[in-house]
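K.L.:
Given the structure of chain G, go ahead and fit chain C onto it with the hints provided.
These are the residues of each chain, in order.
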Amino acid sequence: MAKVLSIIPERCTACRACELACSIKHYGEFNTSRSRIKVSIFLEEAVYIPTACTQCTEAWCAKICPTTAILRNDDYMAYYVVDDKCVGCKMCVLACPFGAIELYADHGKAEKCDLCLSIDGDPECVKFCTPKALLFTDEDAGPKAKQAATALRLKEALQEAAS
Amino acid sequence: MGWTGTILRVNLSSGSVAKEPLDGHLARSYIGGRGLATKILYDEIDPTLDPLGPANKLILATGPLTGTNAPTGGRYMVVTKSPLTGAIACSNSGGYVGAEMKYAGYDLVIVEGKAPHPVYLWINNDRVEIRDAVQVWGTSTHKTEDALRAATNAEAKICSIGPAGETLSLTAAVMNDKHRAAGRSGVGAVMGSKNLKAIVFRGTRSVKVAHPHAFMRACLQAVAKLQAEPGSGEGLPMYGTPGIVSVINAHGFMPTNNFQFGQFAGADRISGETIRDEILIRNKGCFACTIACARVTKVKAGKFRGSGEGPEYETVWGLGAMTGVSDLAAVTRAGYLCNELGMDTIEAGVAIATAMELFEAGYIPERDIGRPLRFGDADALVEMTEKLGRGEGFGAILALGGARLAERYDHSELFMGVKRQAFAAYDGRGAQGMALGYATSNRGACHLRGYTISAEVFGVPRKVDPFATEGKAALAKASQDATAFVDSTGTCLFTTFALGPADLHAMLELATDSGYTVDEVIKIGERIWNLERLFNLRAGLSAKDDTLPRRILEEPIPAGPAKGKVARLGEMLPEYYTLRGWTPEGVPTPEKLRALSLAPNS
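Going down the list, the protein sequences come from chains G and C.
Each step along the first sequence adds one to the number in the numbering used here, with nothing skipped, and position 19 is 19.
For the numbering used here, add 163 to where a residue sits in the second sequence, where the first one is 1.
Next up, chain G with everything else stripped away, as it sits in the complex:
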């Protein structure tokens, strides 16, 4: 079964280590503004939300790409950009409903999360996420875990109501 990057925002501590791990993995440099995962920090509300490409099944970025520069690696079920084919037209940027693909001005190519295809095991961001807000899990593990948690809460509420 394909694995997905599963994000649990409640666990995030806003340290941005994932952004650093991503940028050095892909560019060999630390640069949070070139990270393919982004932590949005709502300081006042104490809400920290990492976001990255969701690897849509029907990926509009790939569909709209006029040069078919966005391909899917079937082993990882992850979409990636073929640099040589990307002409920097920004159609993918327009098409993505999440803003998960960006065009970087200095080399004019689209960039997106590819789940670190080139490595074994966890993507680099997951390796550095000490609070375990990022997990590389089986596709249905995230929803299953949420279902289980919901069921547990319901069970406790019912027990409380009955007692």
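Everything labelled a hint here was simulated from the structure, so no lab data went into it.
Fair warning: there could be bad hints in the mix.
Below, in silico cross-link-like pairs of lysine-lysine (DSS-like), each with a Cα-Cα straight-line distance of 30 Å or less [said to hold, decoys possible]: (1) Lys371(C) <-> Lys90(G); (2) Lys371(C) <-> Lys38(G); (3) Lys3(G) <-> Lys388(C); (4) Lys686(C) <-> Lys132(G).
P.N.:
Below, chain C without anything else, positioned relative to chain G:
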């Protein structure tokens, strides 16, 4: 590599902005952060100058590991001549500002002169503007950040001063990311004296390291060690810094009611456990920090309701045990006020506690304060904290800090600190190494300039008897030198619970490829310590300032496990000077300076 190689120099008097290359030899010799900024301040200013005059300089400094994935690699230092102590000031902070400064392309930002009217600096990569700050002058650090982010860039990271800094309070901190403080030594007042309200950073550049893959492996190893160690892996994430309230109180040296007692009856009410149970929303990490000790909290009901970050251990002590207040909501509220108005919670708390003892002893008349000011009075604590931050009424006297307050009422012996800077939350009578550390700290009383408590209480790296004086001179020196090294890399001292100099050295070397050895980086720490000492000697301080208040030297702790103890400084100080290679008068010998490459002709 590691360093950006660029210094930004801004003169607020002339409005000039200049970029200078970082001297590679200097960077290698002092690493960055505390070390490099100290060297530059030492070379560029007259140590006898008026700290609040335009000739003083304010240096913001990152280290080569700031902005990298080295765990806790987000620190920056604020270095200047302190208006509180007259000595060198060096206050450090986490949050995101240090990293953003690196991404903007600068290792250091040196601010000189004084603007003719309130301004802020807008540093957007290469573009640097000095902008009018009249619209945010007088506002809290929180409102300042919101307004300046709206005026510049939504992603900008900001350090600023609050009303305390503007009114030149000697308790004033430089605040960043709303809740993080470069807290001690009155560095916020220096910023205020320059009419500089804030520095706004936005950076999209890269920080490069020499060996990215090996560096990342070393970082992962360091992360694993931090997670495996009980303090950094469990205690700090779970309970934050206040997790040690119960430990220090149980040892009998939690300073209470201005050091009149060594244990606080209300300790349970302000402990990390109680904070977790009652007000914690979640924990938070600074940039690249895998420990995440920060507490995001909310007081949901009552007259002290509000939200923010903290309180930290030093805060629940300074505004809690030290003032005898065990009302967690009040202590938390006072802590929030310190963040918003821009104050050091230690200096503010000690000033209020000093005033409480002076009042109870009858040395301050009630008409001066406008109300009774007794230990344990939660309402008085919050009211005085706010007045202090705004410099209103009696708050203007509190804003001078505990030392000057006590001097003003002719009872300077009731100020608990060294070199006019307040003690932190450990009574040196119960931990002799800490007593020596306080007395000899280059920035005045401070727990972060050689945290012997690690060994004396937590057994890191090995347990030593806190009441013994044997071996404490060597312990204090080793801890001071190691700390100066850590402070120069751009990482946080909390890593030292799990990481030794060798671990940090490994990351530093892989980042910079400087050819450092472990021995050499420790020697750099010693070089920095000696250079700070030379600054202080030239500023007019001397061995007579390496002392402790009479209470700590002569009045035994009255009860508890440390009952009967006093600080036996005289048994440790001569040995310390000898170990340091200093004369009996506390002056580094020419031989020592040569050995550290600090002598003019070396």
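K.L.:
Indicate, hint by hint, whether the structure satisfies it.
P.N.:
Each hint tested on the structure:
Taking the CA atoms of Lys371(C) and Lys90(G), the gap is near 28 Å; set against the 30 Å cutoff, the hint holds. Distance hint between Lys371(C) and Lys38(G) is fulfilled; the C-alpha atoms sit about 20 Å from each other, no more than 30 Å. Taken as a hint, the Lys3(G) and Lys388(C) pair is honoured in the structure, with Cα atoms around 28 Å apart against an allowance of 30 Å. Taking the CA atoms of Lys686(C) and Lys132(G), the gap is near 38 Å; set against the 30 Å cutoff, the hint is violated.
Hint violations for this structure: number 4 only, all remaining hints satisfied.
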